[in-house]
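S.K.: Turn these sequences into a full structure, and let the hints guide you.
Number 807 marks the last residue of the sequence shown (the numbering used here); no jumps.
Don't read these hints as lab results, they were simulated from the structure.
Straight-line alpha carbon distances no greater than 25 Å define the calculated DSS-like cross-link-like pairs of lysine-lysine that follow:
# : residue 1 : residue 2
1 : Lys374    : Lys160
2 : Lys341    : Lys307
3 : Lys353    : Lys160
4 : Lys307    : Lys337
5 : Lys66     : Lys171
6 : Lys561    : Lys429
The model shown is predicted, which means the values in this text are computed figures rather than measured ones.
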Amino acid sequence: MDNSVPSILRRTVSSNAYEQLCSLWKQIATGRRKESIFLTEEALFAANISLLERGYRKRFCLLFSPQFRALLVGTLRTEDLSYQIEITWDSRAIADFINRLAEEIGQQAEVKRLRDRVPKILSERFVNNPKLQEHFTLKLFEILLPETSGEQEISSPSVSICQPVEEALYQQIEQEKLLNQVIAQIHQSLEASVILETAIREVRNYLQVDRLVIYEFRNEISINRDLKQTSQGWGRITYESRASDNIPSILNLIAEDDCFTYIPRYKEKYRRGLVVAVENVETHYSSSFCLAELLAKHDVKAKLVAPIVVEEKLWGLLIAHQCFSDRQWFESEKSFLRQIGEHLAVAIYQAQLYAQVQKQKESFEQRVIERTQELRDTLLAAQAATQSKSEFLGNMSHELRTPLTSVIGLSGTLLHWFDKGSKLPLEKQQHYLQMIQDSGKKLLELINELLDFSQLEAGKILLNIKEFSLQNLSREILKFIEGEAKNQQINLEFDFRVEKKRDRFFADPDRVQQILFHLLKNAIKFTPAQGTVILRVWRENYQAIFQVEDTGIGISENQLPLLFEKFQQLEKSLQRTYGGTGLGLALTKQLVELHQGTIEVESIVGQGSIFTVRLPNQSHRQLKTIPASKVKASLSLENKSIVLIERDEEIATLICELLTAANYQVVWLIDGNTAIGQIDLLRPSLTIVDRNISEVYHISKTLKQMPSTKSIKILLVSDQITSLDWRLLSQQGIDDYLIRPIQPHLLLKRVNTLLVGDRSSDNSKID
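M.R.: Printed below as a string of structure tokens:
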């Protein structure tokens, strides 16, 4: 059996000092008797007398508890009855000792109990309780320092190769303090950047190296968002501490991938805990000119590298640089840097979880704010709609009651005169009958207006497309409304600018007259006496333009958005002065849009308004009547709806903003598993998918098999697509693709081309 035990402290002491050390172990164990295991060679002798018969000279004290672990091994030197001792706190060294002890001693109860714990000892990250460690170390000083004061007692050759006890204990204390400082910071702070910056500064000071850096790989758990933009799967130096400004900075340095290709599976080795110590860079990397040149460029003479592994993934490297000379790295330094890397991994993982929680919290809070605002807006809209409808009903009752009162009152007067047998003057009879007729026409006009608006809202209005004369239609409507203009003392003018050969036009003449009637009547109503109303008509390409200008009261800029809303009148005071139901302009706008036309308004308060209607000439293919619902459907095609399936919030935001700016309606979905049902419900024209190939295959196959979604175009977003990939994708129903990073002009070009259905020559696939 190999009697050496990996230790922090090794030297020769007197038998008296050894007994004092054993007493120290017993003292620590006695204070924690219920939870600790304390084992000595004496217990083994009692259970196995053959050990004494074989002359077993090794003595030991092993203390094992949840808060403290320490091993003392002493070998008797027969020539002077002194002891060669080894003291260690290292868990791996203690585990190895237990295994060797079990093999030599056999299945003694306490030894078996300890050996069963070996796998757990090796797997866990254990650090002695700081306060207990400090107390224990001070007691060691009291026992061992007197031993070092007498040189005559340290004559053994083996003593010369050991560190002085003061230095060994001091280093152990400093290591423990620094580790505890890092652990305390992890518990006190959730800011990984603060912990990392402080840790590398303190570790560099302790190791007395020229430069200590953290190299962070590009990965999903990166705490630096900018690393997501680096290429080749690599990262960069994200944290750095230098001994002085004379040492060049390598912060943000990105290493070349080619420099490391000669090292087989180097990332996997680091992930499994490999610590690399290079005493002389030039000699060690003589076979790799690229790496040797890179290190020499940044004045690296020696280096020590420990991994930072977060959740079984290689997150980064903790690298110590000696810049001016070679350096021999001690095992204690390697172990220390490895432990620091393990604790930093805990801090990084903790910060990542905290960041996720914060992000979810902010997202939830934002959703609550948005939802609350939506509810408020909905409530306000409902209240406004209720108020508008109430006002509309009030206005409508007034508008209906006035002519009805006239009809009932005048007809009652006529009946009264006839019942009495009295003779009413003929002129008065004619006047009464004329008023009854005018009131009846007014009632019919209001009822027709309500019915037309109701049918338009339900999509039941049909366009009866005919060829007609623009001039004749305009004169007819002017003649129809001329009497009302005269009664209001309004000057009515007609400005017709259409050449005779272009006078014929295709549209629904009845609906065009209805549009002009509402515009002219509205202009007359709001123009004071002696004012002017002008109807202008002209042609532009395939459009007919009708313009009604008045010198009326005008409309303020803040009221223009309400102008074409149903049930709206701009000022409540105007209702009493001018009357009206608030449906005329809303009905006019819908009739214009039914022709796929537009209506615009310009107005200055106190000077008047100009309404301009543009109607496209309906082609011969449209001579048959067109249901309004189909017209609305064709209009909706101009603003395509798009569903985006994307996990990355930044990419989704970019795509949504670009497409929204291009007048597309975009719905963003995160979960691909529930996307099929939502796509079937939304029925978009295009689906943009940013998923792995297997998910894309599933989504495409499902959509193409469903009758309701098989016509939906699919655009794939991916990092890289080869010609073979595209052939397979196109066979699965994928219509087009985009390569990341997203280029705005290519995104819009692909989307526009897919929705128009005519790919240009420069949109070709990979050859």
